[in-house]
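**Q** Given next are the chains, with one letter for each unit.
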Amino acid sequence: MEGMGDVFRALADPTRRQILDELVIRDGLTLFEICARLMTVHGVASTRQAISQHLAVLEEADLVRTRRVGRTKIHDLNSAPLRAITDRWPITR
Amino acid sequence: MPIRINLTSIFVDDQAKALAFYTEKLGFVLKNDVPIGLHRWLTVVGPGEPDGVELLLEPDEHPAAKAYLAALVEDGIPATSFAVDDVAATVRELEANGVRVTQPATPMGPVLVATIDDTCGNLIQLTSPA
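First to last, the sequence lines map onto chains P and R. Heads up: the first sequence at position 61 corresponds to 64 in the working numbering, and the numbers run straight through without jumps. Heads up: the second sequence at position 52 corresponds to 547 in the working numbering, and the numbers run straight through without jumps.
Pulled out of the complex, with its shape left as it was, chain P reads as follows (with noise of 0.2 Å):
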């Protein structure tokens, strides 16, 4: 269960959850598409910088994966860590 720490702790922001909230409903993002819908959709007035470091402690967690297409950095969601939670403790009804 080692890890499962990291997932806990990327998941205990609010922004960052917004940023998988994001992810869920298109995958494949950049860092600018990322800053954009959190201040348009969700009103966050976060640096970059800031995002970058949030998008940083998601991608510890294996929650994001990055990928190079062209020059540019996309955003994925992974979500299969979060199996680890359910499979700890299952949901039974």
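No lab work stands behind these hints, which were simulated from the structure alone. Some hints here could point you the wrong way.
[What the hints assert, rightly or not] Lysine-lysine pairs mimicking DSSO-like chemistry, simulated, CA-CA at most 30 Å apart: (1) R:K512 x R:K561; (2) R:K561 x P:K76; (3) P:K76 x R:K512; (4) P:K76 x R:K526; (5) R:K526 x R:K512; (6) R:K526 x R:K561; (7) R:K561 x R:K520.
Dock chain R against the given chain P, drawing on the hints supplied.
**A** Below, chain R alone, put in the same frame as chain P:
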């Protein structure tokens, strides 16, 4: 002292390629093409706006310009933004014309935005009212 904006500029990695893209793909119209040393004073205007704001297609020769453009593209930040009547329709048309769309039409508050690759080192944002 009336003052007005008559020019805006973007850096491009190749002026001839940029002129082709901005006129043939995006539909801008050549306004000025004046040789200056190794490069050109190369501007385009919007179709039907011959006296409108000119877009200068400026060589990205300076090392700092290249570093700046690379950093913008890495984070998906558009170099500039153009207005269209209908982003969704424009994106469909551009894609059919072989233009790479890097962000599909997406609502951003009061506007609908999309992003395309200008093939000259820039991401370009297109907007229309949502």
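**Q** Tell me, which hint numbers fail for this structure?
**A** When the structure is compared with the hints, only number 4 turns out to be violated.
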